[in-house]
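Enquirer: Sequence:
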Amino acid sequence: MGLFSKKDDSAKKDAAHDAQAVAPVPTAHRKKEGPTPTRKEAEAARKARVNPSLTKKERRQRDIEADRRARQEDVRKRDSDVGRTLMRDVVDSRFRLGEIVMPLLLVTLAASLLVGKTPQLANYVMALFYLIVLAVLIDIAFMWRQFTKILEERHPGHPKRGLFMYGMNRCLQLRRWRMPAPRVRRGDKI
576 MGLFSKKDDS
586 AKKDAAHDAQ
596 AVAPVPTAHR
606 KKEGPTPTRK
616 EAEAARKARV
626 NPSLTKKERR
636 QRDIEADRRA
646 RQEDVRKRDS
656 DVGRTLMRDV
666 VDSRFRLGEI
676 VMPLLLVTLA
686 ASLLVGKTPQ
696 LANYVMALFY
706 LIVLAVLIDI
716 AFMWRQFTKI
726 LEERHPGHPK
736 RGLFMYGMNR
746 CLQLRRWRMP
756 APRVRRGDKI
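Numbering (our numbering), first residue to last: 576 to 765.
You may find that some hints are simply not true.
Stated by the list, open to error - Okay, the calculated beta carbon distance ranges per label pair:
1) Y705 x L749: 14 to 24 Å
2) V625 x P678: 47 to 57 Å
3) P755 x A641: 19 to 29 Å
What the hints contain is simulated information worked out from the structure, not anything from laboratory work.
Please read these numbers as outputs of a predicted model, since none were measured by experiment.
Ideal Cβ positions, reconstructed from N, Cα and C, are used throughout, including at glycine.
Based on the sequences and whatever the hints tell you, model everything.
Expert: Structural data, given as structure tokens:
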């Protein structure tokens, strides 16, 4: 076999046969839909996809949605704290007088308006108002004492800053309206 000699016909046939076996099936070509965009046009199209030009109304709606998502994320991070989670469970584990304080105070306010002409009856209504507020404050004090005891047992040295107001606000809300929703049922042991 020389360097410049002709190849054998059998080798040609084998190579052609191998090429046919390996050759991919031709695919249908689609027509080009116009001239290739210039670099400047392609960059402008890419920028428009990444940061679309929006109307004022669409931009405002997008910003409102982004703000809402950011606030929800902040609330989720803030409420995932161990102390806050435990506070929610302590408050939600039993009935609190604070849950019904708003309806009771509205009733006493309406009663004070109705009996405003008779001073003696108005004094009794105001005394009832102050008793309700005092009972709620005592209930919140018991809740705080229970919470601090459990917190020190489970997480010694955990900071209590801000947890009293958080628990008090949660106590004063109706159970159905509490956010995040209660995880424990009333009567559950914490």
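Enquirer: Per the hint of 14 to 24 Å, is the separation of the Cβ atoms of Y705 and L749 within bounds?
Expert: Distance hint for Y705, L749 holds at roughly 22 Å.
Enquirer: Return holds or violated for the Cβ distance of P755 and A641 against the range 19 to 29 Å.
Expert: Check passed, 22 Å falls within 19 to 29 Å.
Enquirer: So the hint says 47 to 57 Å: do the beta-carbon atoms of V625 and P678 match that?
Expert: The hint (47 to 57 Å, Cβ to Cβ) holds, given that V625 and P678 are roughly 53 Å apart.
When held up to the earlier numbered hints, the structure conflicts with none and fits them all.
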